[in-house]
Structure formats: structure tokens, C-alpha cells
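**Q** Order-wise, the sequence lines are chains B and Z. Here the numbering used here is used: position 59 in the first sequence is 59, and no number is missing along the way. Here the numbering used here is used: position 67 in the second sequence is 67, and no number is missing along the way.
The hints are simulated quantities; they were obtained by calculation from the structure and are not laboratory data. Please note that the accuracy of each hint is not assured.
Residues on chain B that point at chain Z, a partial pick, calculated with CB under 10 Å [said to hold, decoys possible]:
(1) Gln38
(2) Asn41
(3) Gly43
(4) Gln45
(5) Phe63
(6) Ser84
(7) Phe90
(8) Thr94
(9) Ser98
(10) Ile102
(11) Phe103
(12) Ser105
Note that the structure is a prediction, hence the values are computed from the model and not measured. For glycine and all other residues, C-beta sits at the position ideal for the given N, C-alpha and C.
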Amino acid sequence: AQSVTQLGSHVSVSEGALVLLRCNYSSSVPPYLFWYVQYPNQGLQLLLKYTSAATLVKGINGFEAEFKKSETSFHLTKPSAHMSDAAEYFCAVTEGSSYKLIFGSGTRLLVRP
Amino acid sequence: DAGVIQSPRHEVTEMGQEVTLRCKPISGHDYLFWYRQTMMRGLELLIYFNNNVPIDDSGMPEDRFSAKMPNASFSTLKIQPSEPRDSAVYFCASSLRGTGSYEQYFGPGTRLTVT
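Okay, chain B solo, but in the shape it has when bound (with noise of 0.2 Å):
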């Protein structure tokens, strides 16, 4: 079965850094993948996808990702972060030929002024 794994539960960055979220998958069969963004209090958002068109995918609000076939990987980041930034972050993956979402275990990103 499909997995996903986000490492760091919590990243504190400052703001103005990069910001860096990592997310890799089980699948040795390219899935689709995707960030999702919750605010706290809100329903999950969709940052950006990677459907196998191009391997560096951007998002909204500055964000982009790049989808690595051989490391199994799709890192979230963004070159500076801004307090708005904010906000838990969760990486999904398509299981097989359904429409089913795993989604990671997320990561709080916290932004220090």
C-alpha cells in the first residue's frame, strides 16, 4: 500500500528564509502528488499538484515543489517565508488507479518575526 512520509512533525524558520517541508512516498509507480495547506480552524487547501507533466511544480502563494523519481520525493519549498506562511502543511499521494488521498502526517511550519 502506498505511504507517505513527512519528516519534521514541526519547522521554525525565520521570517525571510527559505523555507524547506519534505515529503516522500512508498510507490516505485510514479503517483500523483500533492500539497495541501490548513489554516487553523479551516478545511485543507490545495497549494499545487504534480499530475507527470513537469517535474517542478508551483503553487500558490510562492510555493513550488519538485518531484524526484529517484529519491521518491516531493519537497515543498519556498525562498522566503512570510508570516502568513504560518500554517500545518500536508503531502498527499494517490493510491493505485483510485481516488483515494494518503495524506502524511503533516508539518507545522512556524514563522518567527
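Use these hints to put chain Z onto chain B, whose structure you have.
**A** Frame of chain B, contents of chain Z only:
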């Protein structure tokens, strides 16, 4: 579009009571998902429907939980009887198969507290 709509946003009930959570998916979407989110277990898929038919309910924790989708624009998740360990945020999400991209759109969630 109004997005996925869930009601109520907050529900507080006593142990043993019946709880019904409601969801209206995005118009035209043919997949509907129910998730539960807790600090301990993270985000768990409970059940999902395709064209109003339950496809996979393997995540439903026990017989106290049931879900229905009587039509394309409405679904319910019922807990009877409720227990304190059911306290969580319950999300509904919908998706459109025709796009081929599998992305799901989430509602704002229902925060359930069982005392």
C-alpha cells in the same frame, strides 16, 4: 461556486446521543469523501462515494458510524451512539473524475465534541 459546505460547524453533544453531520459537495463533482482529523491519529479517510454509491468504507471505525449519500448534492455522516473518543474535526471533500487530476476540495469541517 460556494465550495464544499458542511453543517453544523460546531457540535457539542453528550455521550450516547445521535450526531448527524451534513455535507453538500461542489456542484457537478462525482466523488465525495469523509475524513476525521485528530491530534493523535491525524487525517483519516472514513468512507468515500462515487456517483452516490459507497466505494470504500474500510476506514469507518465501527458500526456506530454510518454514512449515506441519497443524491448528488447531499451526504450525511451519522454517529449513534456517540462516545467521547469520537471528538474530532470531521471534513467532507469532493472531487471531479473528469479532470483526471484527483485533487480534492475540502469543506471547512465540523468540530465535534462529545462530553
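**Q** Would the hint on B:Ile102 stand, with a C-beta cut-off of 10 Å toward chain Z?
**A** 8 Å, holds
**Q** Hold the hint about B:Phe90 up to the distance rule: shortest CB distance to chain Z must be less than 10 Å.
**A** With a closest approach of 7 Å, the B:Phe90 hint holds.
**Q** Should the interface hint for B:Phe63 be scored as holding, given a Cβ-Cβ cut-off of 10 Å against chain Z?
**A** 15 Å, violated
**Q** Using the nearest Cβ pair, does B:Ser84 come within less than 10 Å of chain Z?
**A** 19 Å, violated
**Q** Taking the least C-beta to C-beta distance, is B:Gln45 closer than 10 Å to chain Z?
**A** Since chain Z brings a Cβ to about 7 Å from B:Gln45, closer than 10 Å, the hint holds.
**Q** Verify the interface restraint on B:Gly43: the C-beta must sit less than 10 Å from at least one C-beta of chain Z.
**A** This interface hint holds because 4 Å falls under the 10 Å limit.
**Q** Min Cβ distance, B:Phe103 to chain Z: is it shorter than 10 Å?
**A** The hint holds - B:Phe103 has a Cβ within 10 Å of chain Z, the shortest such distance being about 5 Å.
**Q** Against chain Z, run the beta carbon of B:Gln38 and see if the smallest gap drops under 10 Å.
**A** Where the cut-off is 10 Å and the nearest Cβ of chain Z is about 9 Å from B:Gln38, the hint holds.
**Q** Taking the least C-beta to C-beta distance, is B:Thr94 closer than 10 Å to chain Z?
**A** This interface hint holds because 5 Å falls under the 10 Å limit.
**Q** Given a cut of 10 Å on the nearest C-beta pair, is the interface hint for B:Asn41 held or broken against chain Z?
**A** At 8 Å from the nearest chain Z Cβ, B:Asn41 passes the 10 Å test, so the hint holds.
**Q** Given B:Ser98 as an interface hint, is the shortest Cβ-Cβ distance to chain Z below 10 Å?
**A** 7 Å, holds
**Q** Just to be careful: measuring from the Cβ of B:Ser105 to every Cβ in chain Z, is the smallest value less than 10 Å?
**A** 5 Å, holds
When the structure is compared with the earlier hints, violations turn up for hints 5, 6 and for no others.
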